[in-house]
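Undergrad: Each chain, letter by letter, is given below.
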Amino acid sequence: MIVEGPVMKFGDKIDTDIIIPARHLKYTDPQYLAQHAMEPIDPEFYKKASKGVIIVAGKVFGMGSSREQAAIALKAAGVKAIIAESFARIFYRNCINNGLPVVVLPNAKELIKEGDYVKVNVETGEIEVNGKVYKGKGITGMALEILKKGGIMNYIKSL
Amino acid sequence: MQTLTEKILSRAAGRTVSPGDVAEIKVDIVGFHDLTGYHVIEVMEKAGLEKVFDKSKVVIAFDHLAPPPDQRSAEIQGYIRKFVRKMGLPNFHDINFGILHEVLIENYANPGQVIVAADSHTTTSGAVGAFAQGMGASDIAAAVITGRTWLMVPEPFKVVLKGEPAKWINGKDVALKILGEFKADYFNGMSIEVEVEKPRAFPMDYRATVSNMGIEMNADALMFVPDEETVNYIKTMRGYEPPVVKPDQGAKYVDAYTIELDKMEPLVAAPHSVDNVRTAREAEGIEVDQVYIGSCTNGRISDFEVAAKILKGRTVKTRCIAIPASYKMFKQAMELGYVETLVNAGCIVTYGTCGPCLGGHFGVAGPGETIVSTSSRNFKGRMGSVDSKVYLAGPAVAAATAATGKITDPRDLE
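Chain order of the listed sequences is A and B.
Numbered per my numbering, the first sequence spans residues 1 to 159.
Numbered per my numbering, the second sequence spans residues 160 to 573.
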């Protein structure tokens, strides 16, 4: 599975209250949530991401709450994949369950700049950017099976 | 030789598992609350899989939207009540019971269990020695249906608590100490097992605070090794002695860290990060608009005892909202006179709701405001306006701050 697009860059510890504030959690409609993605730090995020982007970020991206709306909002806003130095466990699982590819790349913030065009192999974790290829950690094993089935519910239906 | 993590997860997997293994495991309790529960049920309906693996093992408590602050919240709760009736679920707790994590440790969680719930602070049940972790709505829906989930077995890390806590020190200071020392990303992919040298000196209330903040450390779970305090707590709360599971002597940990409780001083986490830790004295003098004492982090009886001790005979110099984590805690605080003391000091006291912690209701932060809160998160905009600031602290610093209107080390009021 290959995903590509221009990069939108974020720092360390982007938490779920940033990704989708709690006041929006009474709804699960992806289009509604997309409009409020990253609202506290960039109210224009929805417009910028709508062309299809890849997020590059630092440590423990998605830390904090279990709100699945965080993954739903980013995907619906136009995020095609997230490359981060590390992910918070719950957010990582929520992405897998909602078909949003996530790849770990240590030093991602140093290696990739805002606006770079990246090509990501979601399974091998290979990331092509500015003529170079970096080896990250892709989605493998059980997580890959769940992603391919389109989330945990489809996965358990298939058992 | 196995750590507590390996012991619990091996039993749940039905085979011996080690750190790094991906395992399918049985769960002992699955939980959700109102704000995530409707999403869990939506996922089940959408998949056409409305079934429950074991009715006695699903625990539901209304807390985030209790009592409903608006029409949509009431609608969400109505939708969940309908599901509860339809499936005939006995362990349902409406708005007059408490915050899910407090409900779990008071009534359900046991040492050695695997507990998953649709809320990140599910780690709280680690206080009684359960492997407990939060998950999103889809994962919880799958666990409600099948009674199973999957995970990667974390690397166990050991924390030892030595001695007896210095005056005014409780679980919050220990959690902040760990966060300040290691930072919020260090324990990603690890489980923390805490051993208490003098079990009775670090009671269940304190343990619940530390386990609760395990998620802020990004640990997969934060468990206290069950001991006499664990057994005593469950016996007092529920009238039975739980089975006890312990790590084997000589089990291998990725690393260990010792905290000397008698040498600690009151700490705070400054905006906007849980690991931006300093001493209360370093933050002293910062003017505060509102103090919040409560939440699943610090809304227990010992927290109210400390707050009442400090605010007795004083009048608050800032808005102060106090919310016990459960109805049981509220009643105890009433019987012991703490509610009366706080009300006389000018606090607003209400019962078991998450309310202001997540900027929900009962005291949302306005633009430019500074809050001192005993809850677990001070992320930008967490308690309301993105232009507000939140300092996290234990109940002693929070109450002392309410008494003076400025961040105050409780030792300076003596």
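Be aware that a few hints might be false.
Claimed, not checked - Listed below are the simulated DSSO-like cross-link pairs for lysine-lysine, each with C-alpha atoms no more than 30 Å apart in a straight line:
| no. | chain 1 | residue 1 | chain 2 | residue 2 |
| --- | --- | --- | --- | --- |
| 1 | B | LYS205 | A | LYS148 |
| 2 | A | LYS109 | B | LYS214 |
| 3 | B | LYS539 | A | LYS80 |
| 4 | B | LYS336 | A | LYS26 |
| 5 | B | LYS214 | A | LYS9 |
| 6 | B | LYS185 | A | LYS149 |
| 7 | B | LYS166 | A | LYS109 |
| 8 | B | LYS317 | B | LYS336 |
| 9 | A | LYS26 | B | LYS405 |
| 10 | B | LYS214 | A | LYS51 |
| 11 | A | LYS157 | B | LYS539 |
| 12 | B | LYS357 | A | LYS80 |
| 13 | B | LYS539 | A | LYS47 |
| 14 | A | LYS157 | B | LYS241 |
| 15 | B | LYS241 | A | LYS113 |
| 16 | B | LYS317 | A | LYS148 |
| 17 | A | LYS157 | B | LYS214 |
| 18 | A | LYS47 | B | LYS216 |
| 19 | B | LYS185 | A | LYS148 |
| 20 | B | LYS210 | A | LYS149 |
| 21 | A | LYS26 | B | LYS205 |
| 22 | B | LYS411 | A | LYS137 |
| 23 | B | LYS241 | A | LYS137 |
| 24 | A | LYS109 | B | LYS411 |
| 25 | A | LYS157 | B | LYS411 |
| 26 | B | LYS214 | A | LYS149 |
| 27 | A | LYS48 | B | LYS241 |
| 28 | B | LYS205 | B | LYS185 |
| 29 | B | LYS185 | A | LYS157 |
| 30 | B | LYS411 | A | LYS26 |
| 31 | A | LYS113 | B | LYS539 |
| 32 | A | LYS109 | B | LYS216 |
| 33 | B | LYS539 | A | LYS26 |
| 34 | B | LYS216 | A | LYS157 |
| 35 | A | LYS26 | B | LYS317 |
| 36 | B | LYS205 | A | LYS149 |
| 37 | A | LYS109 | B | LYS205 |
In short, the hints are calculated from the structure, not lab data.
Undergrad: Go through the numbered hints given earlier and state which of them the structure violates, listing their numbers in rising order.
TA: 2, 4, 5, 7, 9, 10, 11, 12, 15, 16, 18, 23, 24, 25, 27, 30, 32, 35 and 37
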